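So the sequence lines, in the order shown, correspond to chains A and B.
Residue 1 is where the first sequence starts when you use the numbering used here, and the numbers rise one by one after that.
Residue 1001 is where the second sequence starts when you use the numbering used here, and the numbers rise one by one after that.
Source of the hints: derived by calculation from the structure; they are not laboratory data.
None of the values given here were measured: they were computed from a predicted structure.
For every residue, glycine included, the Cβ atom is placed at its ideal position computed from N, Cα and C.
A portion of the hints provided could be inaccurate.
As the list claims (entries may be wrong) - Cβ-Cβ distance ranges computed for the label pairs, FRET-style:
{"id": "1", "chain 1": "B", "residue 1": "S1122", "chain 2": "A", "residue 2": "D299", "range": "51 to 59 Å"}
{"id": "2", "chain 1": "B", "residue 1": "H1180", "chain 2": "A", "residue 2": "N292", "range": "33 to 41 Å"}
{"id": "3", "chain 1": "A", "residue 1": "K82", "chain 2": "B", "residue 2": "G1286", "range": "21 to 29 Å"}
{"id": "4", "chain 1": "B", "residue 1": "E1123", "chain 2": "A", "residue 2": "D299", "range": "28 to 36 Å"}
Number of protein chains: 2
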Amino acid sequence: MSFEFQVTSRSSQTAARAGVLQTPHGPIETPVFMPVGTKATVKSMTPEELQEIGAQIILANTFHLALRPGEKTVKALGGLHKMMNWNRPILTDSGGFQVFSLGELNKITSEGVRFRSPLDGSEIFLTPERAIQIQQDLGADIIMVFDECAPYPAEHEYVKKSAEMTARWAERCKAAHAGHEDCQALFGIVQGGMYDDLRAWSARATVEIGFPGYAIGGLSVGEPKPEMERALEVVNAILPDNQPRYLMGVGTPQDFFRGVERGVDMFDCVLPTRSARTGRVYTSEGVLNMRNAVHATDDAPISKSCNCYACRNYSRGYIRHLFQAEEILASRLATWHNLAYFIDLMSGIRRSIIEDNFRDFKAAALAHYPD
Amino acid sequence: MSFEFQVTSRSSQTAARAGVLQTPHGPIETPVFMPVGTKATVKSMTPEELQEIGAQIILANTFHLALRPGEKTVKALGGLHKMMNWNRPILTDSGGFQVFSLGELNKITSEGVRFRSPLDGSEIFLTPERAIQIQQDLGADIIMVFDECAPYPAEHEYVKKSAEMTARWAERCKAAHAGHEDCQALFGIVQGGMYDDLRAWSARATVEIGFPGYAIGGLSVGEPKPEMERALEVVNAILPDNQPRYLMGVGTPQDFFRGVERGVDMFDCVLPTRSARTGRVYTSEGVLNMRNAVHATDDAPISKSCNCYACRNYSRGYIRHLFQAEEILASRLATWHNLAYFIDLMSGIRRSIIEDNFRDFKAAALAHYPD
């Protein structure tokens, strides 16, 4: 089977597990962090640079790409992999999260969501079927069902209806994808907000429909961390143990441990790339702001314990100058470093599961990351 | 001698010559195009990428670097080469051109130029001695005298006084640089606007002071091309045949031929890098605008005859998308290509001098570049 998932090691200390997910573009070792390439490019990076730092799979956003350049253009250019010159796996989200982020701009019915393009104001109608068709045209290895991500906070009744609609849409997505399961794995999405009963219901309903992998959506939306942790525990107790679990849009180094120790396998977040462009860099010593004057004449690298291209070749002083001067190379070096840090961290987490010293590794890794 | 220049081939058809200029950071094969790294970075490129496309020497701007991060900061970070991670030759201009571009903001006396920093409004006094001291702190291989670049058009009397002041400043620069000639070659600059008598006077006066190389300034400032050509002929008839000649801030593919066939050896210009960031790319088929809708679904590279990273791996359609989406990778790929094109073109010119088929090469290279 194209998308076989095998759990290869388990932590004796937590629910953490290491595994391998097969895809048509090669295997993914989990737990994995997936850099985000919203508009079919991980901002400021080339595919070769992403490979050099060990990126195994990247994300692209259906919503943005459907608006521009349009999925038919991507298809005409050979699909996402060929267009981007990226030969490893790709995951596309369904566009649901972005559509609902538009808030006032959208109108939801059980049929789908009608909204106006933020690019040109034209009216667009996104349905489960259309979300699948777009993702088929884009051609990612892993694609997502079209879901509603309920706002936070929200009333129980609203979240219940929303989770029910997401489940109905999941069925329609699965039907629309019938026959394509060997080319693209369609993952279900569990919603349910911060309500344990709805999370459990949504997990059961999604598993009942049946998917080769399950995402957990609607977390890291502003809720207190214990809420996120409880939702993960409720959901992962229900999701099949032998299938991959993907915590969408998460997160910080601390969140990686929160997720992994509760059985999550996949993560994505714009944090390392977006914060890099503002000068914020993540290191084993904590977070630094490279714009800070304290770095002006510092000839040390961003992090002495990092072996990325930026840390091998450039001083904090130079990188600070590049940020002050608003040079593109500033974004490049900070992004390169941050992605290397996030990917290295996840690879360290994986190793600690295999070597069964997850807790020690966590304590050391988060020494400079207070909760 | 550190900065030996040898003319190794001459065109039998024109005054074009090929040569080699030795520097402390290695040899430069001439004629040469020097990419501009104004603020100690060639915008969007890494040093390794510049090497990959064959850049032999890059430029940095004294004026910008003195303002930010300040030459003392550059010195504290090990000088330009170490700070930028660039081990090949560097040339710094003297800051004269930028100071005079400020126009109303500056006040010129025979002592130097007083102006307000465009960054923070603070008052700065730039003199020939200070321009040399800054360039010594920056540590480039080739540095330039502090000159006045007269505006165009300008009256004969103004240009005469300006050229005379530039000559006096050149003497002061040479005196200020005494004892450092083996580490950094100080080039003189010929001014004189569009007046043949002043160009000749300035060339003679500068040669009389004596420098290891000579720049020709104040051209490509808006004058008709025949004016530039005549100035080059007047000046190069006077400049020593066995020393390098550098035409500052020039230019287009057409200008390269104009300069080379009149005996110029070195060129620099922001054209390939600046125009790349707006989507304009140079090819053997002429100039294209990558933002144009005609490229939307075109899976051909920018140029089929180009072997640069961008042309080896990406379609016009994808690059157009990246420009539309204002992605950093758009600037990277277009800059990469344009610099590769300019450097390849100059290397083709050099080969045509060695093989003595300069005119044929020029006709073919400019087939799609009407004057």
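To see whether the hints hold, each was checked on the structure:
1. B:S1122 with A:D299: 51 to 59 Å: Violated: the Cβ-Cβ distance is about 26 Å, outside 51 to 59 Å.
2. B:H1180 with A:N292: 33 to 41 Å: The hinted range 33 to 41 Å holds for H1180 (chain B) and N292 (chain A), with Cβ atoms some 35 Å apart.
3. A:K82 with B:G1286: 21 to 29 Å: Between K82 (chain A) and G1286 (chain B), where Cβ atoms are some 27 Å apart, the hint holds.
4. B:E1123 with A:D299: 28 to 36 Å: The hinted range 28 to 36 Å holds for E1123 (chain B) and D299 (chain A), with Cβ atoms some 30 Å apart.
Checked against the numbered hints given earlier, this structure breaks only hint 1.
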